[in-house]
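Visitor: All chains, full assembly: derive it from the sequences and hints.
Read in order, the letters of the sequence shown correspond to residues 1 to 547 in our numbering.
Please note that the accuracy of each hint is not assured.
[Claimed, not checked] Pair ranges (Cβ atoms, derived): (1) Tyr211 - Asp160: 10 to 20 Å; (2) Lys413 - Tyr162: 14 to 24 Å; (3) Asp311 - Gly451: 36 to 46 Å; (4) Gly451 - Lys412: 49 to 59 Å; (5) Ala344 - Ala525: 22 to 32 Å; (6) Gly400 - Ala347: 26 to 36 Å; (7) Ser406 - Gln514: 51 to 61 Å; (8) Asp405 - Ser331: 36 to 46 Å; (9) Gly195 - Gln119: 28 to 38 Å; (10) Ala291 - Glu137: 47 to 57 Å; (11) Gln100 - Ala347: 47 to 57 Å; (12) Ala402 - Asp115: 48 to 58 Å.
[To be verified] Below, a list of computed lysine to aspartate or glutamate pairs in the EDC-like style, where the Cα atoms sit at most 20 Å apart: (13) Lys432 - Glu327; (14) Lys233 - Asp343; (15) Lys233 - Asp338; (16) Lys140 - Glu79; (17) Lys505 - Glu522; (18) Lys346 - Asp378; (19) Lys328 - Glu373; (20) Lys368 - Glu327; (21) Lys213 - Asp486; (22) Lys170 - Asp417; (23) Lys412 - Glu386; (24) Lys170 - Asp387; (25) Lys480 - Glu216; (26) Lys413 - Glu161; (27) Lys328 - Glu474.
If you are wondering where the hints come from, they were derived from the structure by calculation, not from laboratory data. Beta carbons are placed, not taken as given, at the ideal position from N, Cα and C, and that holds for glycine.
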Amino acid sequence: MSKNEKVTENKEQTEQKVMTKYDRKVQKRKEEKEKEKKEERISTAIGIVVLVALVCLVASFPIRTYLATHETYVVVNGEAVNKVEFDYQYNLTKNNYITQYGSYLTYFGLDTSKDLSTQMYSDTLTWQDYFEQNAVESLKQNKALMAEAKAAGFTYDTTDEYNTFKETIKTSAASAGISEKEYVRSIYGSYATMGRIEEYVKNDMVMNAYYQKLQEDNAPSDDEIQSYYEENKATYDSVDYRLTTIEADLPTEPIELADPVEETAADTTDTTATDGTAATDATASDSTDTAYQPSDAEIAKAMEDAKVLADDAEQTVAKDGEAHENEKKSSVNYLISDWLFDDARKAGDTTVITNDNSHCYYAVAFEKRYLDETPSADVRVIIPTEDKTGEEILEEWKNGAATEDSFAELCKKYTQDTSAVENGGLFEQVTKTGMTEELSNWIFDTSRQAGDTVAITVSDTTYVLYYIGQDQPEWKINIKNTLVSDTMSQHMQDITADVTVEDPKGKLNYLKVQAEESAADETAAAETQEITEEQTAATEETTTQAQ
1 MSKNEKVTEN
11 KEQTEQKVMT
21 KYDRKVQKRK
31 EEKEKEKKEE
41 RISTAIGIVV
51 LVALVCLVAS
61 FPIRTYLATH
71 ETYVVVNGEA
81 VNKVEFDYQY
91 NLTKNNYITQ
101 YGSYLTYFGL
111 DTSKDLSTQM
121 YSDTLTWQDY
131 FEQNAVESLK
141 QNKALMAEAK
151 AAGFTYDTTD
161 EYNTFKETIK
171 TSAASAGISE
181 KEYVRSIYGS
191 YATMGRIEEY
201 VKNDMVMNAY
211 YQKLQEDNAP
221 SDDEIQSYYE
231 ENKATYDSVD
241 YRLTTIEADL
251 PTEPIELADP
261 VEETAADTTD
271 TTATDGTAAT
281 DATASDSTDT
291 AYQPSDAEIA
301 KAMEDAKVLA
311 DDAEQTVAKD
321 GEAHENEKKS
331 SVNYLISDWL
341 FDDARKAGDT
351 TVITNDNSHC
361 YYAVAFEKRY
371 LDETPSADVR
381 VIIPTEDKTG
391 EEILEEWKNG
401 AATEDSFAEL
411 CKKYTQDTSA
421 VENGGLFEQV
431 TKTGMTEELS
441 NWIFDTSRQA
451 GDTVAITVSD
461 TTYVLYYIGQ
471 DQPEWKINIK
481 NTLVSDTMSQ
491 HMQDITADVT
501 VEDPKGKLNY
511 LKVQAEESAA
521 DETAAAETQE
531 ITEEQTAATE
541 ETTTQAQ
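Guide: Right, here's the structure in full:
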């Protein structure tokens with residue numbers, strides 16, 4: 001290596017060392033700046049994510065509400081039903097069911113304070129599924145009925161009735177100690193508001209009015225009512241009869257006819273204790289806690305002795321028996337009802353009928369069978385609010401026009417029964433069996449005259465009554481209601497027969513269960529058919545071989 005080359009190399013190495021140290025300083029500063037920028041970008045990014053999350057959380061509330069009010073939840077009869085409408089109908093059907101069967105819900109295994117989707121209504125459906133199914137059935141009927149009403153050109157002004165509905169909501173919310181908004185949501189669903197459910201409430205009012213019109217249009221004639229009675233006399237007739245019950249004197253401890261008792265090891269055990277005292281027989285002690293069960297022979301003997309007494313009682317039952325008056329077949333003991341309502345029965349007939357289950361005999365004397373023509377009654381009723389007594393309302397009525405119309409106006413003003421406001425507290429075709437004894441005694445007093453009034457308190461509830469007059473007898477009302485109910489049931493089946501239900505979002509679990517059960521039934525039917533065909537073929541082959 002030449003001298004010049006060596007000098008050049010040393011110079012390059014020296015320069016390289018100096019540049020490397022400087023570069024490291026610069027690089028360090030550069031890295032620190034990059035780190036700061038990176039951390040700033042990360043902080044900014046995190047801030048943006050958090051902000052977006054908060055915005056999404058807040059925005060989800062109006063989004064969910066928008067979807068509930070605009071998105072299709074199910075489709076019924078070709079009409080889109082949103083979540084608000086579905087929840088409205090769901091809660092109506094659920095609340096009506098709970099109100100109707102409130103005292104039996106525990107027997108059904110339903111706890112309304114818990115999640116309905118976790119409680120089973122049947123082997124395959126939860127209670128939520130069941131109420132959703134009922135809601136869909138109601139929607140089917142409502143949509144079909146509304147379509148028919150529109151096609152028929154039926155119109156109904158809902159103004160007054162809807163105003164009453166709003167007042168009821170207001171009063172109920174105040175009584176519950178919550179706002180109207182909270183009350184509406186608690187009754188009709190979490191997305192419900194007065195504005196959102198207004199259309200559905202008014203539609204229900206129109207449908208109810210149209211349904212009532214159909215009932216009136218399909219009311220049976222007097223000839224149809226009479227014809228139906230002739231075919232079902234036993235259901236509507238009443239009987240007067242006398243009854244004496246003779247109970248068999250069953251033994252309460254074994255007699256000579258008792259079943260023999262098999263001796264057990266316990267019976268042969270020494271009952272003397274180690275200390276010389278008599279030990280207590282556990283079996284004997286337990287037997288004192290259970291009533292003695294007579295043997296078949298003991299029961300037969302007791303029934304034989306009771307039959308003698310019953311035959312004697314038959315001779316005097318027409319005079320000494322307990323009187324039963326105006327009883328329908330449905331309320332008479334089933335063991336004696338067929339005998340009493342036999343068309344061959346005549347006054348003075350007697351018989352003795354055995355009740356093996358209760359170990360007794362019935363000595364019965366027939367007096368008469370007839371159709372009770374007691375008329376029903378039409379009345380107006382005010383149930384006073386807390387700020388007015390019944391006497392004060394009557395005093396105001398007497399100091400005014402004192403007419404039926406003025407009484408109706410006072411009903412609108414003072415009654416707490418909101419369902420009776422629109423018709424002025426009118427109750428038509430009231431029957432004895434449809435009210436408390438105190439009210440019934442006053443209304444059906446033979447001295448009662450049109451225009452009579454009274455204030456009666458029953459169990460802390462006051463009723464102010466205005467008597468209008470008599471109406472049709474109860475048997476005619478019952479037959480009319482039966483015929484109209486049958487007609488309307490058939491009508492609703494006819495108009496809903498082709499109503500379709502679509503579940504585009506797969507929200508209704510009961511539909512999935514039905515589809516699965518239907519598929520399982522079809523599979524089982526196909527397997528059964530296949531087995532039947534194989535058995536038939538085998539039988540035919542066996543027959544051919546035998547021939």
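Visitor: Against each hint, give a clear statement of whether it holds in the structure.
Guide: Here's how the hints hold up against the structure:
Between Tyr211 and Asp160 the beta carbons are some 18 Å apart, a value that agrees with the proposed interval 10 to 20 Å. Checked against the hint of 14 to 24 Å, the C-beta distance between Lys413 and Tyr162 comes to roughly 20 Å, which is consistent with it. At about 57 Å, the beta-carbon gap between Asp311 and Gly451 misses the expected band of 36 to 46 Å. For Gly451 paired with Lys412, a C-beta distance near 19 Å fails the hint of 49 to 59 Å.
Checked against the hint of 22 to 32 Å, the C-beta distance between Ala344 and Ala525 comes to roughly 49 Å, which is inconsistent with it. Against the hinted window of 26 to 36 Å, the Cβ-Cβ separation of Gly400 and Ala347 comes to about 54 Å, which falls outside the hint. At roughly 57 Å, the beta-carbon separation of Ser406 and Gln514 lies within the given 51 to 61 Å, and the hint holds. The hinted window of 36 to 46 Å between Asp405 and Ser331 holds, with their beta carbons roughly 40 Å apart.
For Gly195 and Gln119, the hinted distance range of 28 to 38 Å is satisfied, since their beta carbons lie about 33 Å from each other. Remark: the range hint 47 to 57 Å for Ala291 to Glu137 is upheld by a beta-carbon distance near 49 Å. Between Gln100 and Ala347 the Cβ separation comes to about 43 Å, which falls outside the hinted range of 47 to 57 Å. As the Cβ distance of Ala402 to Asp115 is approximately 57 Å, the hint placing it in 48 to 58 Å holds.
Between Lys432 and Glu327 the CA atoms are separated by roughly 13 Å; this keeps the pair inside 20 Å, and the hint holds. Our distance criterion of 20 Å between C-alpha atoms is met by Lys233 and Asp343, whose separation comes to about 10 Å. At most 20 Å may separate the alpha-carbon atoms for a hinted pair to count; Lys233 and Asp338 meet this at roughly 13 Å. Taking the CA atoms of Lys140 and Glu79, the gap is about 10 Å. The hint holds against a cut of 20 Å.
For the hint linking Lys505 to Glu522, the alpha-carbon distance of about 26 Å lies beyond 20 Å, and the restraint is violated. Annotation: proposed proximity of Lys346 to Asp378 is violated, straight-line Cα distance about 36 Å (limit 20 Å). Note on Lys328 and Glu373: the hinted pairing holds, with a Cα-Cα distance of about 13 Å set against a maximum of 20 Å. Between Lys368 and Glu327, the direct Cα distance comes to roughly 11 Å. Compliance with the 20 Å bound is thereby established for this hinted pair.
Restraint check: the Cα-Cα separation between Lys213 and Asp486 comes to about 16 Å, which is no more than 20 Å; the hinted pair holds. Distance check on the hinted pair: Lys170 and Asp417 sit about 14 Å apart at the alpha-carbon level, within 20 Å; holds. For the hint pairing Lys412 with Glu386, the CA-to-CA distance comes to about 15 Å; that is within 20 Å, so the pair holds. Distance check on the hinted pair: Lys170 and Asp387 sit about 18 Å apart at the alpha-carbon level, within 20 Å; holds.
Restraint check for Lys480 and Glu216: the C-alpha separation of about 11 Å stays at or below 20 Å, so the hint holds. Taking the CA atoms of Lys413 and Glu161, the gap is about 15 Å. The hint holds against a cut of 20 Å. Taking the CA atoms of Lys328 and Glu474, the gap is near 12 Å; set against the 20 Å cutoff, the hint holds.
Violated hints, in rising order: 3, 4, 5, 6, 11, 17 and 18; the structure is consistent with all others.
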